[in-house]
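Peer 1: Here are the chains, one letter per residue:
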Amino acid sequence: MNDVVIVDYGAGNTRSVQATLARLGYSSVVSADPSMICAAWYVVLPGVGSARSAMAHLRATGAAEALGQRVEERRPVLGICLGLQLALTWSAEDGGVDGLDIVPGRVVRLADERVPRLGWSLVEPWGEVYYFAHSYAAVTPDSVASAEGVVAAVARGTFLGVQFHPEKSGPAGLAFLDRCLSLA
Amino acid sequence: MPLPRLIPCLDVAHGRVVKGVNFVGLRDVGDPVELAVHYSAGGADELVLLDITATPDEVATMTNVVRLVADELDIPFTVGGGVRSVDDASRIIESGADRVSLNSAAVARPALLGAIAERFGSQAVVIAIDSGGGVVYTHGGRVPTNRETVSWAIEATERGAGEVLLTSIDHDGRREGFDLSLTSRVRTAVHVPVIASGGAGSAEHVADALRVADAALVASIVHENPAGLAGLRREIEARGVNLRPWKERS
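Protein chains in written order, with numbering that gives the first Met the number 0: chain A, 0 to 183; chain B, 0 to 249.
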């Protein structure tokens, strides 16, 4: 299948991700179908919504299992924002929610002076500024980049998760997505 | 903390961008998609689209505008005006907006803020407060309420709003600077980011606002010279306020 699959879980802002992929020349479909998630050459787990309802959707549709299977088969998945957080073992959001457990660790509420954290922050060691909009963040040994002390990216096997929104991060975000997809 | 944000605001009526001076006397300044893309390319950190007609039949019109903007824009944007229910908010967010902003409807039914935050997260909910003489006004700044601005900001954010868009009606459209004292009082009282709005007349004003707020909303100062946004950024930075690194796109 030539399309990128953007995983649908009821509340994600899939439209912007789809439009950004189109700008890079990639066609995509929005789906929760496990067979499509397994077959796709690239899968994006987008992020807006709440952890509990997102996980409930992913489990009910079988997408949760398909995502885990993909990573076991060493095929790429990119998680964005909540999509990163869902990949962890457990999240403190909504009173505590079990995640996909693709990446070991947990998700905790930000300890910032102002929450949600909204705006552009420098991601190190990558040296680029991306757009963040979140109230929770990952705590994991698999962190590969951070922004002001908060996990900005995690990687485990073929799963890459970013806390920022590349689809909302201007030219820098577009270049980031381009690299992700061209390396896949 | 994230870098301070410069946010052009597009007032939209019947699918077109208009400019407000003291909330009356509008004049057409253009197509929302064209302007949105232009501001994004010119260094806007984010955009706000406000449907100032805000009548129920306009939500459908606005949803179309949101889709067109979302398909072209690669920076975040907030949409306000006419959001009266979780369904309205869903339609706007599913059309590609990052956040919805609520004003009159939240004053009438504060629980709406929590209901939308529960579904989309508090980062998707902005409480827009029009303040005049220390009290909250609704219906585009025309109707005074008996709510005090600071206490309403506290209540709204406790109920689920993840950001405050604070407009001083007294300063709006006058270009004599933002209401820094009101902005500071509100920002001290809440634990979410605050956008200062109303009164931008110069880079100096915007820089002053960004020293006390997380973001500044600009309208007429950029609408009258949309090509001047990049210059405005440079002038703000020359005053010691660091915005996000940004290169002019060729």
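Be aware that a few hints might be false.
[Said to hold, decoys possible] Below, computed lysine to any residue pairings styled on SDA-like, alpha-carbon distance capped at 25 Å:
{"id": "1", "chain 1": "B", "residue 1": "Lys246", "chain 2": "B", "residue 2": "Ala59"}
{"id": "2", "chain 1": "B", "residue 1": "Lys246", "chain 2": "B", "residue 2": "Ala206"}
{"id": "3", "chain 1": "B", "residue 1": "Lys246", "chain 2": "A", "residue 2": "Cys179"}
{"id": "4", "chain 1": "B", "residue 1": "Lys246", "chain 2": "B", "residue 2": "Asn63"}
{"id": "5", "chain 1": "B", "residue 1": "Lys246", "chain 2": "A", "residue 2": "Pro170"}
{"id": "6", "chain 1": "B", "residue 1": "Lys246", "chain 2": "B", "residue 2": "Glu234"}
{"id": "7", "chain 1": "B", "residue 1": "Lys246", "chain 2": "B", "residue 2": "Val32"}
{"id": "8", "chain 1": "B", "residue 1": "Lys246", "chain 2": "B", "residue 2": "Glu223"}
{"id": "9", "chain 1": "B", "residue 1": "Lys246", "chain 2": "A", "residue 2": "Ser145"}
{"id": "10", "chain 1": "B", "residue 1": "Lys246", "chain 2": "B", "residue 2": "Gly227"}
{"id": "11", "chain 1": "B", "residue 1": "Lys246", "chain 2": "A", "residue 2": "Ala21"}
{"id": "12", "chain 1": "B", "residue 1": "Lys246", "chain 2": "A", "residue 2": "Leu173"}
{"id": "13", "chain 1": "B", "residue 1": "Lys246", "chain 2": "A", "residue 2": "Ser30"}
{"id": "14", "chain 1": "B", "residue 1": "Lys246", "chain 2": "B", "residue 2": "Ala229"}
{"id": "15", "chain 1": "B", "residue 1": "Lys246", "chain 2": "A", "residue 2": "Ser52"}
{"id": "16", "chain 1": "B", "residue 1": "Lys246", "chain 2": "A", "residue 2": "Gly67"}
{"id": "17", "chain 1": "B", "residue 1": "Lys246", "chain 2": "A", "residue 2": "Ala183"}
{"id": "18", "chain 1": "B", "residue 1": "Lys246", "chain 2": "A", "residue 2": "Arg108"}
{"id": "19", "chain 1": "B", "residue 1": "Lys246", "chain 2": "B", "residue 2": "Arg210"}
{"id": "20", "chain 1": "B", "residue 1": "Lys246", "chain 2": "A", "residue 2": "Ala18"}
{"id": "21", "chain 1": "B", "residue 1": "Lys246", "chain 2": "A", "residue 2": "Glu127"}
{"id": "22", "chain 1": "B", "residue 1": "Lys246", "chain 2": "B", "residue 2": "Ser201"}
{"id": "23", "chain 1": "B", "residue 1": "Lys246", "chain 2": "A", "residue 2": "Glu147"}
{"id": "24", "chain 1": "B", "residue 1": "Lys246", "chain 2": "A", "residue 2": "Ser134"}
{"id": "25", "chain 1": "B", "residue 1": "Lys246", "chain 2": "A", "residue 2": "His56"}
{"id": "26", "chain 1": "B", "residue 1": "Lys246", "chain 2": "A", "residue 2": "Gln68"}
{"id": "27", "chain 1": "B", "residue 1": "Lys246", "chain 2": "A", "residue 2": "Val138"}
{"id": "28", "chain 1": "B", "residue 1": "Lys246", "chain 2": "B", "residue 2": "Ala110"}
{"id": "29", "chain 1": "B", "residue 1": "Lys246", "chain 2": "A", "residue 2": "Arg178"}
{"id": "30", "chain 1": "B", "residue 1": "Lys246", "chain 2": "B", "residue 2": "Asn224"}
{"id": "31", "chain 1": "B", "residue 1": "Lys246", "chain 2": "A", "residue 2": "Val29"}
Read the hints as simulated data drawn from the structure, not as lab findings.
Peer 1: For Lys246(B) and Gly227(B), compute the direct alpha-carbon distance and say whether it is at most 25 Å.
Peer 2: holds (15 Å)
Peer 1: Quickly compare the C-alpha distance for Lys246(B) and Ala21(A) to 25 Å and report which way the hint goes.
Peer 2: holds (23 Å)
Peer 1: Checking one constraint from the list: CA of Lys246(B) to CA of Arg178(A), max 25 Å. Satisfied?
Peer 2: holds (20 Å)
Peer 1: Verify the proposed pairing of Lys246(B) with Arg210(B), using a straight-line Cα cut of 25 Å.
Peer 2: With a Cα-Cα distance of about 23 Å, the restraint between Lys246(B) and Arg210(B) holds, given a limit of 25 Å.
Peer 1: So if I understand the rule, the pair passes when the alpha-carbon distance is 25 Å or less; does Lys246(B) with Gln68(A) pass?
Peer 2: Given that 25 Å is the threshold and the Cα spacing comes to 41 Å, the pair is violated.
Peer 1: Given the hint that Lys246(B) pairs with Glu147(A), test it: the Cα-Cα distance must not exceed 25 Å.
Peer 2: holds (23 Å)
Peer 1: Next pair to validate is Lys246(B) with Ser145(A); report whether the Cα-Cα distance is within 25 Å.
Peer 2: holds (23 Å)
Peer 1: Would you check the hint for Lys246(B) and Glu127(A), treating anything up to 25 Å between C-alpha atoms as holding?
Peer 2: This hinted pair holds, its Cα atoms lying about 12 Å apart.
Peer 1: Within 25 Å, alpha carbon to alpha carbon, are Lys246(B) and Ser201(B)?
Peer 2: holds (22 Å)
Peer 1: For Lys246(B) and Arg108(A), compute the direct alpha-carbon distance and say whether it is at most 25 Å.
Peer 2: Judged against 25 Å, a Cα distance of about 33 Å means the pair is violated.
Peer 1: Quickly compare the C-alpha distance for Lys246(B) and Ala183(A) to 25 Å and report which way the hint goes.
Peer 2: violated (28 Å)
Peer 1: Quickly compare the C-alpha distance for Lys246(B) and Ser30(A) to 25 Å and report which way the hint goes.
Peer 2: violated (36 Å)
Comparing the model with each earlier hint shows violations of hints 1, 4, 13, 15, 16, 17, 18, 24, 25, 26, 27, 28, 31; every other hint is respected.
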